[in-house]
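Student: Assemble the complex: chain A is given as a structure, and chain B must be docked to it using the hints.
2 protein chains.
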Amino acid sequence: MSRKYVYNFGDGKADGNATMKELLGGKGANLAEMSNLGIPVPAGFTISTEVCNQYYDNKGQYNEAVIEQVKKGIEHIEKTMGAKFGDKKNPLLVSVRSGAPASMPGMMDTVLNLGLNEETIEGIIQQSNNERFGWDSYRRFVQMYGDVVLGMKPESKEEEDPFELIIDEVKEEKGVLLDTELDAEDLKKLVELFKNEIKKRTGKNFPTDPWEQLWGAVGAVFSSWNNQRALTYRKLNNIPAHWGTAVNVQSMVFGNMGDDCATGVAFTRDPATGNKQFYGEYLVNAQGEDVVAGTRTPQPINDSTKSDPTHKTLAEIMPGPYKELEAIYLKLENHYKEMQDIEFTIQKGHLWMLQTRTGKRTAAAAVRIAVEMVEEKLIDKTTAISRVDPEQLDQLLHPTFDLNADRKVIATALPASPGAATGRIVFHADDAEEWAGRGEDIILVRIETSPEDIGGMNVAKGILTARGGMTSHAAVVARGMGTCCVAGCGELSIDYRAKTMTVEGTVYNEGDWISLDGSKGEVIEGKVPTAQPELSGDFGKLMSWADDIRKLNIRTNADTPHDSKAARDFGAEGIGLCRTEHMFFEGDRIKAVREMILANDEAGRRSALEKLLPYQRDDFYGIFKAMHDLPVTIRTLDPPLHEFLPHDDENQEIMAKEMGITKEEVIAKVNSLHEFNPMLGHRGCRLGISYPEITEMQARAILEAACQLKKEGVNVYPEIMIPLIGTKAELANQKEVVVKTADEVQKEMGVEVNYKVGTMIEIPRAALTADEVAEEADFFSFGTNDLTQMAFGYSRDDAGKFLKEYQDKNILPDDPFQTLDQSGVGQLVEIAVEKGRKTKKDLKIGICGEHGGDPRSIDFCHRVGMNYVSCSPFRVPIARLAAAQAEINNK
Amino acid sequence: MSRKYVYNFGDGKADGNATMKELLGGKGANLAEMSNLGIPVPAGFTISTEVCNQYYDNKGQYNEAVIEQVKKGIEHIEKTMGAKFGDKKNPLLVSVRSGAPASMPGMMDTVLNLGLNEETIEGIIQQSNNERFGWDSYRRFVQMYGDVVLGMKPESKEEEDPFELIIDEVKEEKGVLLDTELDAEDLKKLVELFKNEIKKRTGKNFPTDPWEQLWGAVGAVFSSWNNQRALTYRKLNNIPAHWGTAVNVQSMVFGNMGDDCATGVAFTRDPATGNKQFYGEYLVNAQGEDVVAGTRTPQPINDSTKSDPTHKTLAEIMPGPYKELEAIYLKLENHYKEMQDIEFTIQKGHLWMLQTRTGKRTAAAAVRIAVEMVEEKLIDKTTAISRVDPEQLDQLLHPTFDLNADRKVIATALPASPGAATGRIVFHADDAEEWAGRGEDIILVRIETSPEDIGGMNVAKGILTARGGMTSHAAVVARGMGTCCVAGCGELSIDYRAKTMTVEGTVYNEGDWISLDGSKGEVIEGKVPTAQPELSGDFGKLMSWADDIRKLNIRTNADTPHDSKAARDFGAEGIGLCRTEHMFFEGDRIKAVREMILANDEAGRRSALEKLLPYQRDDFYGIFKAMHDLPVTIRTLDPPLHEFLPHDDENQEIMAKEMGITKEEVIAKVNSLHEFNPMLGHRGCRLGISYPEITEMQARAILEAACQLKKEGVNVYPEIMIPLIGTKAELANQKEVVVKTADEVQKEMGVEVNYKVGTMIEIPRAALTADEVAEEADFFSFGTNDLTQMAFGYSRDDAGKFLKEYQDKNILPDDPFQTLDQSGVGQLVEIAVEKGRKTKKDLKIGICGEHGGDPRSIDFCHRVGMNYVSCSPFRVPIARLAAAQAEINNK
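First to last, the sequence lines map onto chains A and B.
According to the working numbering, the first sequence is numbered sequentially starting from 469.
According to the working numbering, the second sequence is numbered sequentially starting from 469.
What the hints contain is simulated information worked out from the structure, not anything from laboratory work.
It is possible that part of the hints are untrue.
Note that the list lumps identical chains together, so a pair holds whenever it fits in one copy or between two copies.
To be verified - Simulated pairs of lysine-lysine, PhoX-like, Cα-Cα distance not exceeding 25 Å: (1) LYS1137 <-> LYS1272; (2) LYS1203 <-> LYS1312; (3) LYS672 <-> LYS656; (4) LYS816 <-> LYS799; (5) LYS1179 <-> LYS1137; (6) LYS539 <-> LYS481; (7) LYS552 <-> LYS472; (8) LYS1309 <-> LYS1203; (9) LYS1312 <-> LYS539; (10) LYS1009 <-> LYS744; (11) LYS1203 <-> LYS1277; (12) LYS1178 <-> LYS481; (13) LYS527 <-> LYS1208; (14) LYS1208 <-> LYS1178; (15) LYS1203 <-> LYS1272.
Extracted from the complex, chain A is given alone in its bound form (with noise of 0.2 Å):
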């Protein structure tokens, strides 16, 4: 018997179940399970994941057992549904939809209808006895074939789609205004024009055989895992190109036959707030795609979200459908034990399910029904610490509207997606992208979005639509993205080719200042002041148990006592990263900074740095204060020295007469120093070793501070750490310096302080030598930041031209200064750890690359035994949870 590669599913029983997403991708696996679970699903097979690897693979063509088996699936869905492919009395159709191992919604394409031409039409007509029903599904389905399969969708964006430019005129000839007011013979009409002019442009006659019609179908969906909004959304949520999509061949069933039909879709829970309620939206005598469009606005299919008292909910209109419809979601989220997000369509008052899925939620709601399914004992809290995505904590940590500034709200829509956002008003996807190219904050305004549009909204602070429901796209992609979205705001009138949108007669340019409240639904003028967000219970609860979980500690990278409180408050166990250079620039610092690098000699270079010993010690002694009993990891001088002399004219003039030296000599000591490759120059240690002083006034700064607080008796745990160690030399030498430093600043005050002097690794070499460098260091920090500039020979500065080709092109899986490069960086780290604890067998070691905030360079930290990973102080929640999540996944 030949390998399997077609699933059967519907009539109670299925090959497949929802364990084999890998195969059959979410919506196969999730049709299968719910038609094993006795759901109504109409029948239907998947077309493995593995033909799309082969159909790339070969070119195309498939092999014989997959010919062979589509056959048999063909005929599995006959017998099931009683309708025959390709019958002139009672033809199947089929719809062909992609489905992959991870939701891409709406990214790839998707033909329905399939099965009609000008002899099953007539069999159509009659089952239905609608012609008009009848003609539009052909219509609809030679527009949608001749799109997808046959390429008559324009390439640009900029061009009309042919067929609606045909629509178009034939209304006008009717001088009519709505689709819905053409009739079966101008819809007839439509087919015949649709035909010619793919006929015109392709120079082929629309395809008539059914089955040539499915192939082309489902290559068609083959080829779209690789169109471009699929590449571009697979990068942004690291989705990798082998995976591949399946394709589903499935009944049609029809919501749109009339007015005893109807489609929607639904939430188990409440996405936004993670509220315990069925919670959905339907349209009558419609078709799934148009909920999901927006182009329609949809129906409450119950009280519960129910606001515009003119509208009927689903409860009300079908009570039969909806209790069947209630029965089945409670069915599911107690099977899955997750909330679901479902597809249905009612044909005649016959309700088919035709998709259950993991529901995508807002931060808040995942931390809420996680926490809520663990007190309703559906779930443990392991399976509640999994059920969060790390990532998406981001959402809730940061500023919210201050509640007590005045807000002028100039129209009122659906809160679809939470938070606040303030920025600029743009109205295209492209120029969304390149106003945030250059660093704008900015709002996304359309009447609607569409796939199409993934890049800008995904560099947009806000999105705000004119039309659409809460499941409409843009609230879909916006909770997925996090980011604050306003929906179906009907005041708003929107001019794309004016660039402007008006409301209530106040017109509103691109540009202009606008915030939107996402929680809800409010649309600003101007800008609006931020607070602080609170953290809610559910959130703490979560919390409390991913503490309990992780074996990682969460240390923050913070250079000021007020970061270092905000941190400790997030749950930061302590500081992994003070940069001390932050603190060369404030006030009359950088006048004594510049001082020392325009001395000649060491003395010149000690009377400087004696002027900034104090302002050092001040802050040193406020941020050791905040972190009482808590250690502090304080990097020596890190930058080249040229970074706080002035490049600019102006400056060089203002710098020279603060200095009383001539603007030449500034000018001489700006070019004396400066390097070719800064970020491989004179910097780090290198400082510390040809100027010890400086190292010796940090040392100094440091442990007074530390020696005062110890006075006052308050606990502290300074880390010195130095930077750019390259050599077990280099480490030696700048460890003199400290401990000879620390020995006298303790002899002086009369305490002494338990302190350590530690090394960065960042520099390859260092990770090479660990074994020899853990002989002068008390810890470790991985400084991955510089150690993936250094591994891939990247500039981070520079490298940005080029990082976004190599994704586009597949060259690399991510951009490596956001998600650790494991095999390649990785090694070093893990060659560093192996080294560094056989020379010491309980090395402390740690990260504060920026890398210390990321999820999966989380895990791969907790992988290789780090004690703790440091993070910016809004992500301290965000690794603590993906600690613990690390900790689950090796278990």
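Tutor: This is chain B only, laid out in the frame that chain A set:
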């Protein structure tokens, strides 16, 4: 029994022998060996190098055993020499000299005549029957001891030695000019004045107790291991600090007791040419230091080097001792099977040997001696290969003066170190360093040189002295360095203050150009054109022996047919690195390159590249032809594009005019290509990935040239090398472009060429993931320049600032850009070799970084199993020899 620290010698036997150099130093081990051979050596003992390390560890303290054994050692000398330390009647006087495991001539301190005081002086006068000799010895002792042990020697070279000032005063008082005109009374007075000066400056009395004198001198010698000269010398010669020096305490013998006394140095073969003849110089009635210091011009020991008929040879004057000396030199050379550098003293007709050691020699002499000793069956070929320092061969591989050129010889003197040099005159070592530091070629002109001048001698192209013989300091050091030297040029009158030298009335100023022919001893006015070196028959023989032994292939880095041919003549077995970017600058090409850079789209770039194609094809045609039958590795474009644009105002203007655009457009392009760290920016394969058409053009040029030659019956083996690969995907991307183009060209031209596609390994990540990279690579070539930059995080352009400091502070043993850092960067090389070969067992692996020409790095390349090293054409013979030595050393 306690550990042995002190080793006796003398009287036909010894505790040590020649193999114990590490413990006894070279001098001590050889004194022991000579003693064992029955050669007359004044009795003495050696304090081992272990004690030197203890001396530093214990801050100048000695343990009991050392003190006890030194006492026993003095007893041994007393017994053997029949004199007594501190005895009034027959006092024993000793010398205290350093002796490190490696020769460090003149770098450390020595004390002679130790044991003299107001009482023993009487015994010496009695024994020598020469009052003046007695007081002169005492005077020398007090002066030397004062300088070396009591710190009377001024630290600055500007300051005069206080003892010399006193001598001058006394001479003035007496109205005489020469030291020799002072009589016993005068010398006695000097001793008194010296002691008073010492008391005045140090507050201490000059020690009279011989034991106190002895321990003072021993400590001073140990201390001198770390004086500035010694540190500099060790750095230049890669001698590790932890070796330490031994101290030799030996009975004094005197060459200055009268006219039946003499002292001299000799070589068993001619150290300049290698000619097999006994060769040396001596002075009657003198101490050994007088010969080496060059203060009196010595006489030849025999006719072989006699040039001045007025000179008397030792053979003529003292035929007995000379005959004895002849027997000893033959015995020594036969014993050591190596050319010896010997020192002797004749005291009242009795010959004493004071030292034997392997003689320094020029590269030409080294080659000749090694080859002739094989022919004499003294040594085997393997030993001969090991005897020649590959680095030294450099001397033989550089141009000599063109024999046909006019040369105005202004003076002729001793051909002290062969070679040809042209440069500008400087008179002080400090100035030499300064001038050379700014890139000037300089000739150091001195009356005589001293160890203080070592830094200046090291940077000079040539050295010219007015005084001193073939074994003077200048001559010995210059030969060791391979620097051309003309010595003892009496026609020269040098005025240090005026910075002039006058030859027969013509005044030459600082900065004037002169040339030196070190092989003929000629001083030439102005610059002289140079000619290629002729490689002697001995050289060819040695090379062919090396070729028989070595396993590594030797390739060259060459970018032109001319260089390729030169390298092939030097024995290169292929090209390991042909850089294509150099070709982009010639003539009209740069215009096409700039056109490509300015182009806004692929079509524009392609049209510019089309203009470059014929140039590149011709380049490769020439190189392939020159290297017929040998592999040629061509690297695709590597540097960032901004390197091809002008950065200064004037040239930007010119370019704008040439290209028919505005200067602003040029500047805008320059700015848009600006990078913060170009080393880590958009270069290497990253360019080829962004603009595949560049790689395509280069692949086409290579293949078209190769196919053309193939058609002409020439065998070509192109190896296309992609630079800056960090990931397998990058290489796969570029390989695809190359292979596709190669397929096309081969089809077009109707021939097939055996070509390979491989990669540089120069990015740490590529080394770490070499198993993956090897899947796409036919070969690896280590780019250790960049690999060192990235593994250390050093920008080669900027690191000069601190690398010198790092070596001075013992943080780095070597400049890692000169000698591969085996313990760090080397790990990446080892990892890559191992992983690469794990994927492809027979993967061809080489190195094309500059380390490929460095003997120590070549040893490493051999050990890790590379197939070849590639270096600059002039270093090919060095690499051939080093590769043979690597095979010998690692067998």
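Student: Taking the hints in turn, state whether each one holds.
Tutor: Results of checking the hints against the structure:
In this homomeric assembly, LYS1137 and LYS1272 come within 25 Å of each other (Cα to Cα) only across copies, at 21 Å, whereas the closest approach inside a single copy is 37 Å. Taking the shortest alpha-carbon separations for LYS1203 and LYS1312, only the intra-copy value of 17 Å comes in at or below 25 Å, while the best inter-copy value is 44 Å. In this homomeric assembly, LYS672 and LYS656 come within 25 Å of each other (Cα to Cα) only inside a single copy, at 20 Å, whereas the closest approach across copies is 123 Å. With identical chains, the CA atoms of LYS816 and LYS799 are at most 25 Å apart within one copy only, with a shortest distance of 24 Å there and 120 Å across copies.
Proximity of LYS1179 and LYS1137 under a CA criterion of 25 Å is satisfied in neither setting, with 43 Å inside one chain copy and 61 Å between copies. Taking the shortest Cα distances, LYS539 and LYS481 sit within 25 Å of each other inside one copy (19 Å), while across copies they are farther apart (104 Å). Taking CA atoms no more than 25 Å apart as the test, LYS552 paired with LYS472 passes inside one copy only; the shortest distance there is 24 Å, against 106 Å between copies. In this assembly of identical chains, the alpha carbons of LYS1309 and LYS1203 lie at most 25 Å apart only when taken from the same copy (20 Å versus 45 Å across copies).
Taking the shortest Cα distances, LYS1312 and LYS539 never come within 25 Å of each other, neither inside one copy (62 Å) nor across copies (52 Å). Taking the shortest alpha-carbon separations for LYS1009 and LYS744, only the intra-copy value of 18 Å comes in at or below 25 Å, while the best inter-copy value is 93 Å. Proximity of LYS1203 and LYS1277 under a CA criterion of 25 Å is satisfied inter-copy only: 15 Å between copies versus 46 Å inside one chain copy. In this homomeric assembly, LYS1178 and LYS481 never come within 25 Å of each other (Cα to Cα): the closest approach is 72 Å inside a single copy and 68 Å across copies.
Taking the shortest Cα distances, LYS527 and LYS1208 sit within 25 Å of each other only across copies (18 Å), while inside one copy they are farther apart (70 Å). Within a single copy, LYS1208 and LYS1178 get their C-alpha atoms as close as 19 Å, which meets the 25 Å cut-off; across copies the closest is 71 Å, which misses it. Only between protomers do LYS1203 and LYS1272 lie at most 25 Å apart by alpha-carbon distance; the minimum there is 21 Å, versus 41 Å within a single protomer.
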